[in-house]
Amino acid sequence: MAGHLKTLVAACAIIAGTSLAQAQTLKIVMHSDVKIVDPIWTTAYIVRNHGYMIYDTLFSMDEAGAIKPQMVETFTESPDKLTYTFKLRDGLLWHDGKPVTSEDCIASIRRWSAKDPVGQKLMTFVDTITADDAKSFTVKLKSPTGLLIFGLGKPSSNVPFMMPERVAKTDPNTQISEFIGSGPFVLKADEWKPGDKIVYTKFKDYKPRAEPASGLAGGKVAKVDRIEWLAVSDQQQAVNALLAGEIDMVEQPAFDLIPLLAGDKNIKLWNYNPLGLQYTMRFNHTQPPFNNPKVRQAVTYALNQKDFLEATVGNPDYYQPCKAMFVCGTPLASEKGMEGLLESNFRKSQELLKEAGYDGKPIVLLHSTDLQSLTNLGPVAKQLLEKGGFKVDMQSSDWQTVVSRRVRKDPIDKGGWNVMQTSWVSADILNPVMAGFFNASCDKAAFGWPCDEQMEKLRDDFAREPDPAKQKAIAEAVQMRWREVVTHVHLGQYNVPIAARKSLTGILTAPAPVFWNVEKK
Amino acid sequence: MLGYILRRLLATIPVLVIVAVLVFLMLRLTPGDPAAVIAGDNATTEQIALIRNRLGLDQPILTQFLIWVGNLMRGDLGESFFFKKPIGELIIGRIEPTLSLAFATMLIAISVAIPLGVLAAYKHGSWIDRIVMGFSVLGFSVPVFVIGYALIYVFAITLGWFPVQGYQPLSGGLSGFLQRLVLPAVTLSVIYIALIARMTRASVLEVLNEDYIRTARAKGQVERKILFRHALKNAAVPIVTVIGIGIALLIGGVVVTESVYSIPGLGRLTVDAVLARDYPTIQAVILLFSGVYVGINLLIDLAYSLFDPRIRY
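Protein sequences appear in the order of chains A and B. According to numbering that gives the first Met the number 0, the first sequence is numbered sequentially starting from 0. According to numbering that gives the first Met the number 0, the second sequence is numbered sequentially starting from 0.
Since no wrong hints were added, every one of them can be taken at face value.
Distance ranges between label pairs, derived from CB positions:
(1) Ile130/B / Asp189/A: 51 to 57 Å
(2) Gly294/B / Glu62/A: 56 to 62 Å
(3) Glu518/A / Ala149/B: 35 to 41 Å
(4) Ala65/A / Thr157/B: 46 to 52 Å
(5) Lys139/A / Met72/B: 53 to 59 Å
(6) Lys386/A / Phe64/B: 46 to 52 Å
(7) Gly96/A / Met72/B: 39 to 45 Å
(8) Pro287/A / Arg73/B: 48 to 54 Å
(9) Lys187/A / Arg73/B: 27 to 33 Å
(10) Pro287/A / Ile66/B: 37 to 43 Å
For the record, the hints were derived by calculation from the structure and aren't laboratory data. Cβ coordinates follow ideal geometry from the N, Cα and C atoms, glycine included.
Take the sequences, apply the hints, and build the full model.
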């Protein structure tokens, strides 16, 4: 009897211990509060990150940058590369318990492709998408393209997340109102308090892939029961809370606060996304003087990346001057055509301006003052451009005003603009089709509206080319053409580390922060 | 009295209408486009135009205004562009932290400042008076965020007595609620202690020379009774005004403290809404703040008659 009692007590202790160990909550301060929860409706990175919590993808990018099947079990490709058949994994369920079907995936692909630039380009190649049965569907192409598998595994905004058909049939320009995914975490909609926190719990019926987690691919094993993203607007406070052990992680601590964290033995700084981000300068091609390619070329001589990176990041551990347009450290990275550029050759810049007949009228530079990562770009640009022969009227405002103003095509004296700066997550600019600033389709392009048929032809060639070696050659041709057209200028690559308590393990190296595989000891 | 209250309530209508029109027009005239903010970096002009259409922002300003006013008349504050939630729901979710913070702040401020102000008046010219006034100057001069960070460093990080940030609703337990409220309320109360203490000192000092105080002293009343029953009651009108306006200011203006301590209140909702150009939310919150100001002013006026029997409505 005593032996049975001991066993019972021991069993209870194990169960209690187990449940205690499982009832773990991660408290995390992300770079922004989640205001919108439709990752197809907006390209905002915080919404993409939210998407990775609750949705799954057909394909995913692994740590090495290769696209691997995720919800897809197997797929076949016809010899003419025109027909692809996809079979979904067994046991995939939506958070409401219903099985994931091929119809759900088709509707999700259609909604994503209506919004995303890669998706839009991909659909110009697609003839039909049909469901073969509940778990298989076939995509027939009009002509071969490398964009199908790449697009379905696209790692950053907009990510082709899979949603139930009834949700995915929502107009792409209307926000969804039901937040059901098939990913490793479930959104606790009843606990979501915008401006305070958003809460996710482990989806107990999620069936991870058997392979170990790698980047965004592999087995997505949720190892904590609950994750809270807290909206802490004050960076200093986020760091204070991390130091005090009230929270477990700060996704993007401000660079000037990193020394505080680096000095604490309980904190680990983790460079989870080696590709990082790139600063970019964008011209308004519709207004003088940047409607003249020679003036834009002058800018490529006046600027240099190091000045921008030192002023914004400061610590060389976290930045890297990189002339390759398609991100250093990736398959399409190349310095071809970049010789002599971005080295602050002010004399050359001045010569080109003279040749272009620049009249000395001040150019309007939009300068954001409230986003710490962008604030110092403006003054550096002003100084370098002025040394290069421009007159600069730097107009400062909050970021949202910049965002609103940059979409206006009005002349300068009616509130228009000439040049502005922003930052891209490198995972969004890995090739000429993805990278929105290479789109040179005039009015249909993103703000700045460059117009160049040859560039568009090269981008189309890239989209049509499934062979990686030939893709690389086209990407280099794009870079050469860019040298002439100068759609935009990249100002250097940088990383923002995650700061986490050392009790956290399993943070994955990936183009976006993800929380499966993460454990709290 | 009832007639006075009704007249005052009716008088609030034109005030609120003017506020509504001004806020609506100012928002439309300031630069900013919620559709461009929502659409993100990759968006084309067409996509932004579609979002503008969905949000009704491509309608003429007059049409937008009439739709908003029409909804308002039906008690519908509209839906946030960003949160995709009814604004009434958003405000209700944010009102508890702000009210808790405002009232805890005023509770601390009143209980510290009034005795200090009375003492300073009673001992005017003495070192006690100079110390109290010196501290009040300091209270005015040091920015809220500096006080906040200093208190966090000492009491949260170094001593670990209080949490660094966050808010716990009262429904989650009294001790957690108070634990998270103390530091922000103390931070905010510093400036109000300074303000109320100065006002109390000045008002009490003024009445201390009145005949009825001399009479009370001549009748042999104890000083404490003279100070708090006679002097303070007669000096109360300006003090009540300061306290009332202080509460109204607190409800609308706790932005910095809410940010420093990560409290999800109305102040942060307003800032978030302004930064994102969430027009319906900004409009609703400013209308609410205006209503609070008007309501508290009415309560202040009514409170005058409690302290000064000569005031009748």
